[in-house]
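**Q** So you can see what is in the structure, the chains are spelled out below.
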Amino acid sequence: MKKYLALTIAGMTRTLQFRLGILVTVLGNLIYMTLVYYLWKAIYASSPSQIVNGMTFTDTIIYLVLATALFNFLDMYIVWELSRNIQSGAICLDLLKPVNYRVYMFFSFFGDNVMSFFLTFLPTFVVVYFVADGKIDLGLNLIMFAISVAFALLLNFSVEMLVATICLYTESTWGINIVKESIVLLFSGATIPLVFFPEGLRTVIGYLPFRCIYDTPLNILLEKPGYTLDSGIWSMIALQAVWCIILSLAGRAFWNFSVRRITVNGG
Amino acid sequence: MNEEKAIIMKNIGKDFKVLNRHEGLKGSIKDLFSRDYNIVTAVNDISLEIPKGQIVGYLGPNGAGKSTTIKMMTGVLEPTRGEILVNGCVPYKNRAKNAENIGVVFGQRSQLWWSLPLIESFRLLKEIYLIEDDEYEEMISLYKSLVNLEPLLHKTVRQMSLGQRTLSDILAAFLHNPKVVFLDEPTIGLDVSMKAKIRDLIRELNKRKKTTVILTTHDMGDVDALCERIVIIDHGRMIYDNDIDHLKSYFGSYRTLKLRLPGDKWVEELIDESKTDAMSVISEYQKKSKILDIKLEEISTEEVIKKIYMGETVKNEKISGIDNSRDDKDLAI
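Chains as they are written, first to last, in our numbering: chain G, 1364 to 1630; chain D, 7 to 339.
Bound conformation, chain G alone (with noise of 0.2 Å):
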């Protein structure tokens, strides 16, 4: 094991090389956030209550920047890395490396996450828990919050894997990821909290693994309703850990069978 956390302190140095990355990183979410209140300022202006779908606008902003905060704390960019790699043929040198690819993959890059935990979610979550005045609570729902958040985690990798391994097959990404992107956004909450979509499409998105990834730590977090220890998060929980064990399984079928068809590209 102590591979993988060597792996994973690489990463974390490698992002701390970046310093001007980490400040425009920081500075692209904070102008992003200042759209993202002055939009949603307007939807509720112009509503005629004050509560809108169950939230207020408090609420929500709480719970955009805090999505918006958790998105940057779990993204990963393999599609990006993989195909980038894919092309240039040095995929070749990591598919030589004495380990299990996929896990290889994921700790490269959770060095990454580390850095952005306490980079960004950290310090939003500490603005916002001051902001919030009492409307956060910190007891249990915080240790919820860990393992939801760590069966996110697996989540987002397994479904990233999933869309690099097309890549494999395609040969260019751009399209195939601003797919993705969009439908994981949309889908998990990360830019409309889901209570705003409607009725029908809400049901069917709740079964889907995409809200799992931001929208079911968010909810524990903030202790929306059936999501506490009183009624609901062990459902909740469980549907992220079903999701996870079916997206790791077929992800990991499907890479070792795409993987033995590969043909690197150059050399």
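Hints are supplied without guarantee of correctness; some may be wrong.
[Claimed, not checked] Lysine-lysine pairs mimicking DSS-like chemistry, simulated, CA-CA at most 30 Å apart: (1) 1460(G) <-> 16(D); (2) 16(D) <-> 1366(G); (3) 1365(G) <-> 215(D).
Don't read these hints as lab results, they were simulated from the structure.
Here the structure of chain G is known, so what remains is to put chain D in place on it, guided by the hints.
**A** Coordinates of chain D only, in the frame set by chain G:
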């Protein structure tokens, strides 16, 4: 199986399925729905046995199938036909296991972590390949005795010059003391002194660690400096497999005769000594004019290889009229 052989290949072949592309926008649209595939044979019927500890030069013109063969030996590609054993195991079936016993350098790519200092890359490799502490220390001190390692260790790979990077990549490939190391054009783009340094390093490591080295290159200096044995392939087929001394007499025993004639003019004659001797050529010239100076040179490896590549091309052009499947050379594998 066979303990003395590092690599055994029997009748190895590799086909690629390539979509028959049409020209222009219309053609591209047609291609979207096309099922019109061509089978292109990149490697055909290669049989090879490489004993442990040998340095083998694996040569061939661009697109001959060298890299494809190397990829099959490393386990990245699965051969279409034939049997292959590297260190006694089938590489594509146990890719991760095979990886423990091989090292790879692709001259144009780096396996090192781009943004980390070299020492961090080495430590990562140490963990990934499960290298014992004492073996690691021993290897590092061996490296320190062979090259000036200290200034490289704390430099990030992206700040290195190409030569430093290649040197580091070679050290990284040997770090876990693999049984076989594949070097794919390791000296590409390097200056003369760096080339010499890298050749010395490869020779030393091969000697000390008894590592089998498979070297592909287009630089005949590498071949002369390193290889005991040479395998040449072209159009996916093996056309030569013997030691380097044999190579020079491959087309008969050639020598280059250089004569300086009046008017400070040098004339070169390539002489096949199995057919004629240098003396008779000289006397032929002497009948016509005065000879001021004479030089007799051994044919260089480069000349021989050039002749082999060109000879094969000519032969294949003749064949191509009958055998159209060989025409497809734009497959850059």
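**Q** Look at each hint and say if it fits the structure.
**A** Results of checking the hints against the structure:
1. 1460(G) <-> 16(D): holds (26 Å)
2. 16(D) <-> 1366(G): Distance ~36 Å between residue 16(D) and residue 1366(G) Cα, so the pair is violated.
3. 1365(G) <-> 215(D): holds (27 Å)
Of the numbered hints given earlier, the model fails hint 2 alone.
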